[in-house]
Amino acid sequence: MKNVTHSSTLFLVFWLVGGLLLAFILVPLFGLATNQTPESIHRVMVMSDVQKAIILTLEAAFITSLIAQLLGVPLAYVLSRARFPGLKILEAIVDIPLTIPHTVVGIALLISFGRNGVIGAPVLHWTGISFWSSFAGVVLCMLFVSIPYTVNAARIGFDNVDLRIEKVARTLGAGPWRVFIRITLPLVWRSLMTGFNLTLARSMSEFGSIVILAYYPETAPVKIYDLFLQFGLSDSSAMSLIILVLTLFIFIFFRYFLFGRNASSGFER
Amino acid sequence: MKNVTHSSTLFLVFWLVGGLLLAFILVPLFGLATNQTPESIHRVMVMSDVQKAIILTLEAAFITSLIAQLLGVPLAYVLSRARFPGLKILEAIVDIPLTIPHTVVGIALLISFGRNGVIGAPVLHWTGISFWSSFAGVVLCMLFVSIPYTVNAARIGFDNVDLRIEKVARTLGAGPWRVFIRITLPLVWRSLMTGFNLTLARSMSEFGSIVILAYYPETAPVKIYDLFLQFGLSDSSAMSLIILVLTLFIFIFFRYFLFGRNASSGFER
Amino acid sequence: MSKGSLVLDALQVKLGGFKLHDISLSVEPGEILVILGPNGAGKSVLLETIAGFHRLHQGGIRLGDLNLAQLAPEQRHIGFVFQSYALFPHLDVLQNIRFALPDSERSRKQGVDKANLLLERFALTSLAKRRPQDLSGGEKQRVALARAMATEPSLFLFDEPFAAMDAQIRLNLSEEIRLMLKDAGVPAIFVTHDQLEAQVLADRLGVLHNGSLIQSGNVTEVFSRPANAFIASFVGMENIYEGTVHQILPDGAIIKTGDCHLLIKQQNFSFLLGEPVNIAIRPEDITLGACSNSGHRMSNEWEATIRSVTPFGPLHKVRLEAGLSICAYVFKQGENGMNLIPGARVKIRLPAEFLHVLK
Amino acid sequence: MSKGSLVLDALQVKLGGFKLHDISLSVEPGEILVILGPNGAGKSVLLETIAGFHRLHQGGIRLGDLNLAQLAPEQRHIGFVFQSYALFPHLDVLQNIRFALPDSERSRKQGVDKANLLLERFALTSLAKRRPQDLSGGEKQRVALARAMATEPSLFLFDEPFAAMDAQIRLNLSEEIRLMLKDAGVPAIFVTHDQLEAQVLADRLGVLHNGSLIQSGNVTEVFSRPANAFIASFVGMENIYEGTVHQILPDGAIIKTGDCHLLIKQQNFSFLLGEPVNIAIRPEDITLGACSNSGHRMSNEWEATIRSVTPFGPLHKVRLEAGLSICAYVFKQGENGMNLIPGARVKIRLPAEFLHVLK
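Chains as they are written, first to last, in the numbering used here: chain A, 1 to 269; chain B, 270 to 538; chain C, 539 to 897; chain D, 898 to 1256.
Derived by calculation from the structure, the hints in this document are not laboratory data. Hints may contain errors.
[Said to hold, decoys possible] Footprint (simulated), chain C over chain B, 3 or more residues, beta carbon under 8 Å:
| hint | region |
| --- | --- |
| 1 | 310–318 |
| 2 | 498–507 |
[To be verified] Here are the simulated DSSO-like pairs of lysine-lysine, each with C-alpha atoms no more than 30 Å apart in a straight line:
| hint | chain 1 | residue 1 | chain 2 | residue 2 |
| --- | --- | --- | --- | --- |
| 3 | C | Lys647 | C | Lys667 |
| 4 | A | Lys88 | D | Lys1162 |
| 5 | C | Lys552 | C | Lys897 |
| 6 | C | Lys855 | C | Lys885 |
| 7 | D | Lys1256 | D | Lys1244 |
| 8 | D | Lys1006 | D | Lys1026 |
| 9 | D | Lys1256 | D | Lys916 |
| 10 | C | Lys557 | B | Lys357 |
| 11 | C | Lys678 | C | Lys667 |
| 12 | C | Lys803 | B | Lys357 |
| 13 | D | Lys916 | C | Lys678 |
| 14 | C | Lys803 | C | Lys855 |
| 15 | C | Lys855 | C | Lys557 |
| 16 | D | Lys1153 | D | Lys1244 |
| 17 | D | Lys1153 | D | Lys1026 |
| 18 | C | Lys885 | C | Lys897 |
| 19 | C | Lys855 | D | Lys1079 |
| 20 | D | Lys1244 | D | Lys1162 |
| 21 | C | Lys794 | C | Lys667 |
| 22 | D | Lys1244 | C | Lys855 |
| 23 | D | Lys1244 | A | Lys88 |
| 24 | C | Lys897 | C | Lys803 |
| 25 | D | Lys1079 | D | Lys1026 |
| 26 | C | Lys855 | D | Lys1162 |
[As the list claims (entries may be wrong)] Which chain A residues stay away from chain B? Per the calculated CB distances, all over 12 Å, these:
| hint | residue |
| --- | --- |
| 27 | Pro38 |
| 28 | His42 |
| 29 | Pro186 |
Keep in mind that this is a model prediction, so the values were computed, not measured. Don't be surprised by glycine CBs; every beta carbon is placed ideally from N, CA and C.
If we strip away everything but chain A, and leave its shape as in the complex, we get:
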């Protein structure tokens, strides 16, 4: 108990309401788990296209999270340190992907990054890389929808660094790069990992934009949809359970084992 005697009706009512909400989150997950037979899970697990979809999703999400760090951390740092009129606008731009419906993201990416897009066409011409129905397209979708998580988590980390620590490092003879790498980065490491985990989770969960820009090669969420359309609930729910266990495992792994408590909430307390 945190210092207040909590025996009032208020806490009783609030716990009841809160418990209802927690049940609402847990019931569908248990329902999914109890709806399967070991046989159906085994049957789905050995399907080569299911395996391929899962591996593809993990690869793409991991690569996305790395790219997001590379591009997002520098942006988070300048947003945290710079003060100028217009800063608020840049901050708002970073949050835009959170607010756009996923299919709109898919359409917008298709227009700009498709074979005839203003970016897609020259990229295809000069590098041979196509974003339409390709691994690169999957990563593109994942990156677009998950970049706010990387930037905002890093931003929180940078905002919480005592500026005096960076300043004292400068007076001790270290230039800006050395200060950033030796002092600032280690201090925000946990925030960066939080961002990495959130970005990974968001990337793995994306469906709406990928289904438009890159239905094939199928990611796990797309494959589940595919199985659902073709065979109804049986195979798709078995694969859903596999993916659920996998994502929860990654989630718990990051949150508790790899980076300490709270690392994955994204809302540092």
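Dock chains B, C and D against the given chain A, drawing on the hints supplied.
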């Protein structure tokens, strides 16, 4: 400038990288805007099923955000004030919907809340409400995927309330309910609005779970997908632009006009 | 306002890893008890327990005829003034005060009159529409006091309200609080880690350390006869020496410390011959004078060499070497014809009545 | 270590809405300049400007022959000790110190030796593997100083390093810093809002207010002859009265305040007959004595009535009423046969040489 002279190569490089990332977010949006003709926008805008989809989405997202506040704020309050072993687990459960792929959410909800589901069947029997292909189903999907935003935003607000302010209110003769309503709620109002806005945005953007549990009645993201499958980019991209403008308008409205700066970032600074 | 006294009876609280051990004390109406202790001693826990925010593990709390332990915080009628005052930031000054009025009065003429009277009494009338963030430290304090008074409390508790303020302002506000409390005529407890604040406010003083009340008494008693070396050093007794009891006299003793023999006058001298003790004296109790040859050892007079003289607020702090390392305070004016420069020789006297033997 | 003096020449800085106005000062090698000022006066901005974190709007900064204004912070060789010390929390004590070694030394034997010497000199050898969060306040200070010394700075800047510490500890740490700086023999600036700290540390004192240096001089000068009423009250001159110049004498003046005429001894008395002035005296400069009839008005002696006596650290603060409301300090011992209880009559003397006339 925030106290440090920022003329170093580090800031130059970081601004370049950051600019690239901002461009990556903005280019597809501008691409979407410039790809349309006024005629195509007009044609889509007057389509009655497009209008219906947009209104349905706004209604469902708004109702979802209200339900999320009603259920999520009490949970956030007890999570913020109570201290007991297992608290971390409850916190983790709240974040689970962030990590599950959207189609998995759809499958899981369909199993539990479908016509034969452990919850769906009795609800249908006693109230006549079906979650399968219905407005209620849309709200259900939106609620599941967006509840973490409501709870976490409210949680940040409650965590930042000085406990001494609640305590002093008690010593001044106010019971727990009066303290919560007259003191605590007004102090976290902005955080609750932040949560409301994030929940609204997340609800409007959802596609993957809705497309499985409630393809019909069509929400805007589903309708865009439908148009894309039937007619390719022309009508779907016009509708995408309409939705983009609408969501950005709501986003900006909340962020700057209704609730003050930063209200929509969800990461309070 | 009931005017009963506050009585804590062998109070025990367990809170996570922290414990309050068997706290017993009583405070009379109109009396100010100051609880002095370092950070982490349990001062806030003690106050919050009295106010009803922690469950008692054992013991009792009574206020007059009331058994407080059975009541919720909102039923205890306690005026609790928190660190930094904890004003409601979303309400203006008048609304802060009106929040504290009883339900029966709040929206009626009686309540309006009472609020206005309080505004007037605490010179807040012109600030009635201001928000707390636009008030100075002193104004905030007046709002916090007026708000607490609105409930007509039977007990006042203060949890280091000055923690965030400058030294100068603190002292003025302490005096203001003291006057108001004397006027209210209810028991009051004030906790602080600042010995100066404690001195200014206290009728009686208790020292809290690791959850235990290790000494209580009047201010002079605690400051000049601390019960142990921890309290001695916490209340600024800079001169503490280890020694042994060399001889026991009818009204005191002689203590040997290093090469020195110190004469002690102390009633109820409770140590044994040869027992190791600490011996302490406050810097301001040491007398310095120009050198002469009249001193003799058994009156605790020596010649000493000045090592350093540093300004110390209105005083000078003089460090001396005389077998023992000694710290003394003198006024700035070079009184008594002394030449206070490092290296100079002066006569010092450690008056036997101010030397104090402790564990 | 170059041993040049620091010279600020009409320095101006604009920072958001805040400005530093025309700051000119110089600090000699081995000298400690304390900048005293309230929160928000611009003390930190001034130090950070010298260290290179803010752009100069106008004016210059030189250290010996170097024009500092052209250099990046890492090229200025300044030992900057920040509030709460700003140790690197992810590095242990040794790593904190090694971070400060020049690139050329860091990974070589020379660097190892130097780090070890610093550990030894600051009594940190046994703490080398500790993280900052496991250190006490005094240990943190030693690490911060050792780390700053590792760069062999040509200038030391201190930004209220004691802000978060208890009063007792502060004074010990101030003395430690003073010794180290005297030993290093480079110029040093120490900013604080605490007048006691300023007294202990300063060779010279500057008072900063709203971005302007409004007085500078040696400690005694500023504390007993403040330039205006703001400084007077900030340095604890509790007795400040408004009056007018009544008569000008060869070596001073007579000031009329209320019904009293006060004799002032002041060289270079620069006010005009009839001009409104403030007149101030420090509480510790007022002499109290037993009542007799020998006093007469023109030697600034009166009888006064004691209103209150409150303990004030090692002193008692006595408030008196004698036409003027006067505050004086006395030692605890009821010296000079006085009877210090409220209502008693005592003789007070305001020595003409300690009365100070200001704007």
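To see whether the hints hold, each was checked on the structure:
1. Counting residues of the region 310–318 of chain B whose CB lies closer than 8 Å to any CB of chain C gives 0, so the stated coverage by that chain is violated, three being the minimum.
2. A count of 0 residues in the region 498–507 of chain B with a Cβ less than 8 Å from any Cβ of chain C is obtained; the coverage claim is therefore unmet, three being the minimum.
3. Distance restraint check for Lys647/C and Lys667/C: the Cα-Cα separation of roughly 19 Å lies within the 30 Å cut-off, and the hinted pair is therefore satisfied.
4. Straight-line distance between C-alpha atoms of Lys88/A and Lys1162/D comes to about 61 Å, which puts the hinted pair past the 30 Å bound.
5. As the CA atoms of Lys552/C and Lys897/C are separated by approximately 29 Å, the hinted pair is consistent with the 30 Å bound.
6. As the CA atoms of Lys855/C and Lys885/C are separated by approximately 16 Å, the hinted pair is consistent with the 30 Å bound.
7. Distance hint between Lys1256/D and Lys1244/D is fulfilled; the C-alpha atoms sit about 29 Å from each other, no more than 30 Å.
8. The straight-line distance between the Cα atoms of Lys1006/D and Lys1026/D is roughly 19 Å, inside the 30 Å bound, and the hint therefore holds.
9. Note on Lys1256/D and Lys916/D: the hinted pairing holds, with a Cα-Cα distance of about 24 Å set against a maximum of 30 Å.
10. Distance restraint check for Lys557/C and Lys357/B: the Cα-Cα separation of roughly 25 Å lies within the 30 Å cut-off, and the hinted pair is therefore satisfied.
11. Distance restraint check for Lys678/C and Lys667/C: the Cα-Cα separation of roughly 13 Å lies within the 30 Å cut-off, and the hinted pair is therefore satisfied.
12. For the given pair, Lys803/C sits about 61 Å from Lys357/B by alpha-carbon distance, which is inconsistent with the 30 Å threshold.
13. Using a Cα cut-off of 30 Å, the hinted pair Lys916/D and Lys678/C holds, with the two alpha carbons roughly 29 Å apart.
14. At roughly 26 Å between alpha-carbon atoms, Lys803/C and Lys855/C fall within 30 Å of each other, so this suggested pair holds.
15. Our distance criterion of 30 Å between C-alpha atoms is broken by Lys855/C and Lys557/C, whose separation comes to about 39 Å.
16. Restraint check: the Cα-Cα separation between Lys1153/D and Lys1244/D comes to about 20 Å, which is no more than 30 Å; the hinted pair holds.
17. For the proposed pair Lys1153/D and Lys1026/D, the alpha carbon gap of about 66 Å is over 30 Å, so the pair is violated.
18. Between Lys885/C and Lys897/C the CA atoms are separated by roughly 29 Å; this keeps the pair inside 30 Å, and the hint holds.
19. For the hint pairing Lys855/C with Lys1079/D, the CA-to-CA distance comes to about 20 Å; that is within 30 Å, so the pair holds.
20. Simply put, Lys1244/D and Lys1162/D have alpha-carbon atoms about 21 Å apart, close enough for the 30 Å limit, and the pair holds.
21. As the CA atoms of Lys794/C and Lys667/C are separated by approximately 66 Å, the hinted pair breaks the 30 Å bound.
22. Distance restraint check for Lys1244/D and Lys855/C: the Cα-Cα separation of roughly 27 Å lies within the 30 Å cut-off, and the hinted pair is therefore satisfied.
23. The suggested pairing of Lys1244/D with Lys88/A is violated, with an alpha-carbon distance near 67 Å, which exceeds 30 Å.
24. With a C-alpha separation of about 16 Å, the suggested pair Lys897/C and Lys803/C falls inside the 30 Å cut-off, and the hint holds.
25. Distance restraint check for Lys1079/D and Lys1026/D: the Cα-Cα separation of roughly 29 Å lies within the 30 Å cut-off, and the hinted pair is therefore satisfied.
26. Of the pairs offered as hints, the one joining Lys855/C and Lys1162/D holds, with about 28 Å between alpha carbons and a cut-off of 30 Å not exceeded.
27. At the 12 Å boundary, the C-beta of Pro38/A stays outside the reach of chain B, the nearest C-beta of that chain being 17 Å off.
28. No beta-carbon of chain B comes within 12 Å of the beta-carbon of His42/A; the shortest separation is about 18 Å.
29. Distance to chain B confirms Pro186/A as a non-interface residue, since its nearest Cβ pair spans about 16 Å, more than 12 Å.
Comparing the model with each numbered hint stated earlier shows that hints 1, 2, 4, 12, 15, 17, 21, 23 do not hold.
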